[in-house]
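Sequences are here, hints too, so could you generate the full structure?
Protein chains in written order, with this note's numbering: chain A, 1 to 168; chain B, 1 to 420.
To be clear, the hints were calculated from the coordinates, so they are not data collected in a lab. Take these hints with a grain of salt, some might be off.
Stated by the list, open to error - Calculated pairs, EDC-like style, for lysine to aspartate or glutamate (alpha carbon to alpha carbon, straight line, at most 20 Å): (1) B/Lys347 to B/Asp373; (2) B/Lys386 to A/Asp44; (3) B/Lys76 to A/Asp13; (4) B/Lys386 to B/Asp373; (5) B/Lys87 to B/Asp56; (6) B/Lys88 to B/Asp56; (7) B/Lys76 to A/Asp44; (8) B/Lys87 to B/Glu47; (9) A/Lys36 to A/Asp55; (10) B/Lys386 to A/Asp13; (11) B/Lys76 to B/Asp56; (12) B/Lys88 to B/Glu47; (13) B/Lys386 to A/Asp55; (14) B/Lys76 to B/Glu95.
Claimed, not checked - Label pairs and their computed distance ranges (CB to CB): (15) A/Arg10 to B/Asp342: 51 to 57 Å; (16) B/His307 to A/Gly144: 49 to 55 Å; (17) B/Ala283 to A/Arg5: 49 to 55 Å; (18) A/Pro142 to B/Ala311: 54 to 60 Å.
Nothing here was measured: the structure is a model prediction, and the numbers come from that model. Even glycine gets a Cβ: it sits at the ideal position worked out from N, Cα and C.
So the chains spell out like this:
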Amino acid sequence: MTNHRGRARRLGDDVNTDYIIASRRKKETLDENILKQYLLEAVDPAFAATVRAGDILVAGTNFGCGSAMEVAATVVLAAGIPIVLAGSFARSFYRNAINNGLLPIECDTSDIREGDTIALSIEPSGTTIVNERTGGRETRAPLGGIAGDILAAGGLVSYLQREGRFVR
Amino acid sequence: MTGQTISEKILSAKSGGSALAGDVVVCDVDLVLGTDASAPMAIGYFERMGGTRVHDASRVVFALDHYAPPSSAATKGFHDQVRAFAKKHGVRVFEVGEGISHQIAVERGLVRPGMLVVGADSHTVTCGAVNAFATGVGSSDLAAAMLTGQLWFRVPQTIRVVLDGARPPGTSAKDVALTLVSTLGAGGAEYRALEFTGPAARDFSFDDRLVLSNLAVEAGAKAAVWHPDAVLDAHVAGFVSDRGEPVSPDVGARYARELVVDLASIGPTVALPHAPNNVVPIARVPDTPIHMVFLGTCTGGRVADYHEALAVLERGGGQLAAGVQLVVTPASSEVERQLAADGTLVKLARMGATITMPGCGACCGTSGVIPGDGMNVLSTANRNFKARMGNATASIYLASPAACAAAALTGRITDPRSPA
Numbered sequence: 001m002t003n004h005r006g007r008a009r010r011l012g013d014d015v016n017t018d019y020i021i022a023s024r025r026k027k028e029t030l031d032e033n034i035l036k037q038y039l040l041e042a043v044d045p046a047f048a049a050t051v052r053a054g055d056i057l058v059a060g061t062n063f064g065c066g067s068a069m070e071v072a073a074t075v076v077l078a079a080g081i082p083i084v085l086a087g088s089f090a091r092s093f094y095r096n097a098i099n100n101g102l103l104p105i106e107c108d109t110s111d112i113r114e115g116d117t118i119a120l121s122i123e124p125s126g127t128t129i130v131n132e133r134t135g136g137r138e139t140r141a142p143l144g145g146i147a148g149d150i151l152a153a154g155g156l157v158s159y160l161q162r163e164g165r166f167v168r
Numbered sequence: 001m002t003g004q005t006i007s008e009k010i011l012s013a014k015s016g017g018s019a020l021a022g023d024v025v026v027c028d029v030d031l032v033l034g035t036d037a038s039a040p041m042a043i044g045y046f047e048r049m050g051g052t053r054v055h056d057a058s059r060v061v062f063a064l065d066h067y068a069p070p071s072s073a074a075t076k077g078f079h080d081q082v083r084a085f086a087k088k089h090g091v092r093v094f095e096v097g098e099g100i101s102h103q104i105a106v107e108r109g110l111v112r113p114g115m116l117v118v119g120a121d122s123h124t125v126t127c128g129a130v131n132a133f134a135t136g137v138g139s140s141d142l143a144a145a146m147l148t149g150q151l152w153f154r155v156p157q158t159i160r161v162v163l164d165g166a167r168p169p170g171t172s173a174k175d176v177a178l179t180l181v182s183t184l185g186a187g188g189a190e191y192r193a194l195e196f197t198g199p200a201a202r203d204f205s206f207d208d209r210l211v212l213s214n215l216a217v218e219a220g221a222k223a224a225v226w227h228p229d230a231v232l233d234a235h236v237a238g239f240v241s242d243r244g245e246p247v248s249p250d251v252g253a254r255y256a257r258e259l260v261v262d263l264a265s266i267g268p269t270v271a272l273p274h275a276p277n278n279v280v281p282i283a284r285v286p287d288t289p290i291h292m293v294f295l296g297t298c299t300g301g302r303v304a305d306y307h308e309a310l311a312v313l314e315r316g317g318g319q320l321a322a323g324v325q326l327v328v329t330p331a332s333s334e335v336e337r338q339l340a341a342d343g344t345l346v347k348l349a350r351m352g353a354t355i356t357m358p359g360c361g362a363c364c365g366t367s368g369v370i371p372g373d374g375m376n377v378l379s380t381a382n383r384n385f386k387a388r389m390g391n392a393t394a395s396i397y398l399a400s401p402a403a404c405a406a407a408a409l410t411g412r413i414t415d416p417r418s419p420a
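Have a look at this one:
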């Protein structure tokens, strides 16, 4: 279906949404194109300036925990990051990502380092993630059900424009 | 068929089928909560979805709680946007100063046993104390729920939390909740619901239950539902028209795991910077000066919390330590009214407390007092992430109202059982 090749931006476990974008930032604007300059500032104030379009966020477990604020997903997309790999996701971030067309992939990220080149092959039969440095390869089953349909539609807005309601 | 957990039963009833953990269901939502921090974005999604009317405005409530009062043109703009949408669609708005969305929803009886509640605020799980399935969502899901009256869910597995043993005097619900989060870990309840039960459950007041359900999301819980009992009956006894339909699990319901909480082993605790699961007994906290004490939020801003704090303050003479700022932000106007009526507020004010408008206050740096550079804060809130209160150089410690009060007296983290 699609392929993507990008640079890994390595994060740890339990990265909460306040770290992705601080609540105090979003009280001034919800414009993700402004907010993106503060992306992950609590983790590294210089992070946002080093992001290149096509970069891939790579995290440990429980990515996106804490607040359910949706700017935590839209600001990642606005920064040019289309995919997040994590050992696991907090459920509210996971839903917000899918609803906005940001691709969250649960996989083993333990061997991925900052700067590794990650190649993804995204097919209807599943997604294969290859770490070009290590040769490590993992294939994950496609996201099924309504979540898969929302993602395939490009997000919740286009899904509901088309369907008008949730269709099981 | 197999027995069902409370979450499986509620999600079955609301989807018109029979669901077990792992199933994906589309449910009718009973109550939809939005805030000034989440509704503005939801309104944008709603309009882009082509929304022209809210499916059932009587099930939707907005609370202007995060920016109370608004401190900028932008936040005032969010309020006006929410008010205009609400007026157009007939949605009820709880105004600036009326309190935190899930606190209002619970204390005004909008949440009833057996309900499915979604709120665009992660601490919506608090409503699980009412024996409801209540969970936090983002703004796009809030928009979808307003537009269609429904939302999809993957039915979660459940961790059965068994409260057992005698809670020692001086151990508050917050200490139990922090210990539970620490035991589970930050992602220990990810994708899962909690059910609270056990021989000691009856010793947890309704307000205590709100604290445990509230903090459950810090372990990643999707919902945190209490079994129905006499404490729940007493809470709903005052409801005028509809007392809901309490839901108990079936015998033979399947649980992901059972976690027995030995209350006798829990004493005053503190969550150290910068994570709510970074919990240690207060006796093991290194000597730590405290510059600001915050009594408030949807965790620790209710009447019982202020009574707990005031008792410690009065027992210790009521003289705040030099250089300590004590900030008091009731969770709702109803809490504020009760504290005014019983004299608590005036006593706190005479001690030198800064008393602010009800709402989220200083919890997430969106309104109220922002700590200064390098300050240590001891707070009754639920999150102590770096920069959470609006200053990345401040360090936030979380504890019970009693421990916060003890620190206000001594200017250091202090065991509330032995104030200076």
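A quick look at each hint next to the structure:
1. B/Lys347 to B/Asp373: Outside the cut-off at roughly 29 Å; violated.
2. B/Lys386 to A/Asp44: Holds - the C-alpha atoms of aspartate 44 of chain A and lysine 386 of chain B are around 12 Å apart, at most 20 Å.
3. B/Lys76 to A/Asp13: Violated, because 36 Å separates the two Cα atoms, which is more than 20 Å.
4. B/Lys386 to B/Asp373: 12 Å, holds
5. B/Lys87 to B/Asp56: 14 Å, holds
6. B/Lys88 to B/Asp56: 13 Å, holds
7. B/Lys76 to A/Asp44: The hint is violated at about 31 Å.
8. B/Lys87 to B/Glu47: Roughly 15 Å between the alpha carbons, so the hint for lysine 87 of chain B and glutamate 47 of chain B holds.
9. A/Lys36 to A/Asp55: Status holds; Cα separation ~14 Å.
10. B/Lys386 to A/Asp13: Roughly 15 Å separates the two Cα atoms, so the pair holds.
11. B/Lys76 to B/Asp56: Not OK: lysine 76 of chain B and aspartate 56 of chain B at ~27 Å, beyond 20 Å, violated.
12. B/Lys88 to B/Glu47: Roughly 13 Å separates the two Cα atoms, so the pair holds.
13. B/Lys386 to A/Asp55: Given pair lysine 386 of chain B, aspartate 55 of chain A is violated - Cα atoms ~25 Å apart, limit 20 Å.
14. B/Lys76 to B/Glu95: 12 Å, holds
15. A/Arg10 to B/Asp342: 51 to 57 Å: 53 Å, holds
16. B/His307 to A/Gly144: 49 to 55 Å: With Cβ atoms ~51 Å apart, the hint holds.
17. B/Ala283 to A/Arg5: 49 to 55 Å: Holds, at about 53 Å.
18. A/Pro142 to B/Ala311: 54 to 60 Å: 57 Å, holds
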